[in-house]
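K.L.:
Under UniProt numbering, think of the first position of the sequence shown as 1, with each following residue one higher.
Quick caveat, the hints were computed from the structure, so don't treat them as lab data. Misleading hints may appear alongside valid ones.
Per label pair, the in silico range of CB-to-CB distance [said to hold, decoys possible]:
| id | residue 1 | residue 2 | range |
| --- | --- | --- | --- |
| 1 | Met20 | Pro235 | 33 to 43 angstroms |
| 2 | Pro183 | Pro11 | 33 to 43 angstroms |
| 3 | Gly38 | Pro159 | 47 to 57 angstroms |
| 4 | Arg229 | Glu191 | 18 to 28 angstroms |
| 5 | Ala248 | Gly175 | 31 to 41 angstroms |
| 6 | Pro14 | Arg108 | 20 to 30 angstroms |
| 7 | Pro244 | Ser113 | 30 to 40 angstroms |
| 8 | Pro183 | Glu85 | 21 to 31 angstroms |
| 9 | Gly25 | Glu259 | 33 to 43 angstroms |
| 10 | Ser193 | Asp13 | 38 to 48 angstroms |
Keep in mind it's a predicted model, so treat the numbers as computed, not measured. In this text, a Cβ means the ideal position worked out from N, Cα and C, and glycines have one as well.
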Amino acid sequence: MVRARAGAPAPVDPPAMNEMVAAEGREVPVRIHAPVGGAANGVLLEFHGGGFYMGSAAGSDTRNRQMADALGVAVVSVVYRLAPENPWPAAPDDAETAALWLAEHAGRRFGTSKLAVGGFSAGSTLAMTTLLRLRDRGLDAFDCAVLQFGTYDLSAHTPAGRLIADEYFLEAYAGAAPDRTHPDISPIYAELSGLPPVLMVVGEKDILLQDNLAMAGRLSASGVDVDLRVYPEAPHGFSAHPTPMAKAALDDIDTWLGERLAATH
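Use the sequences and the hints to build the structure in full.
P.N.:
This is the structure:
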């Protein structure tokens, strides 16, 4: 099974806290990295990548611990259900559950109401669908979003969408859906107004570049404050590798996120 390729994540100090959180009768496990020695400056709700069918929240431990230490933020990484055993809408349901819990409990649990949401590849798709679901509930709990090379058109109905060649993950995640243009699957088809500021990070050589450019254009046309960063010669997933370009992108993310959280409320 392709999931077996991933090795055990490197241990971090202090280790993540595993917790089960609940909202509206639903539960989802999360891994929490809290800043050491003080209240959090904000909270980042984070979704790992992996094409909706692999990857893990634990696999993001090193990066999430670094963010907690560098920015003084708490990072709540969601252990969402994976396809094909749990196809859509299981993952966005879990993402929404975690977001609703955080919106209600952040002040008491972390001492702050400054909230950001972010993700990596498929995790960015979930971050976007989470923002849309909460907006449609009339909630504006999140102050900003950081989206790294997400997948926003799973329909194959547009030139950008047709570049996404991994039919396995499309079938595993959304094969049973009657219409892959449903905004909860392909958020590029959503009505996008009323969302918080967004940082979009993508590599010039990413197969998803056109999809990300199209999403950035639609967000901007909808009145959303979008900061699009395209990194030269960088492939999909580049920020997870120990390269100078990855360091530049992660430094940019930290700076942007720190400024947005400091400026809110």
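K.L.:
Each hint: holds or not?
P.N.:
Status of the hints after comparison with the structure:
1. Met20 / Pro235: 33 to 43 angstroms: The hint (33 to 43 angstroms, Cβ to Cβ) holds, given that Met20 and Pro235 are roughly 36 angstroms apart.
2. Pro183 / Pro11: 33 to 43 angstroms: holds (39 angstroms)
3. Gly38 / Pro159: 47 to 57 angstroms: Since the Cβ atoms of Gly38 and Pro159 sit about 49 angstroms apart, the hinted range of 47 to 57 angstroms holds.
4. Arg229 / Glu191: 18 to 28 angstroms: Roughly 25 angstroms apart at Cβ, these two residues keep to the hinted range, so it holds.
5. Ala248 / Gly175: 31 to 41 angstroms: holds (37 angstroms)
6. Pro14 / Arg108: 20 to 30 angstroms: At roughly 21 angstroms between Cβ atoms, Arg108 and Pro14 fall inside 20 to 30 angstroms, so the hint holds.
7. Pro244 / Ser113: 30 to 40 angstroms: The hint (30 to 40 angstroms, Cβ to Cβ) holds, given that Pro244 and Ser113 are roughly 36 angstroms apart.
8. Pro183 / Glu85: 21 to 31 angstroms: Taking Cβ atoms as reference, Pro183 and Glu85 lie about 24 angstroms apart, which means the hint holds.
9. Gly25 / Glu259: 33 to 43 angstroms: Holds, at about 37 angstroms.
10. Ser193 / Asp13: 38 to 48 angstroms: With a Cβ separation near 43 angstroms, Ser193 and Asp13 satisfy 38 to 48 angstroms, so the hint holds.
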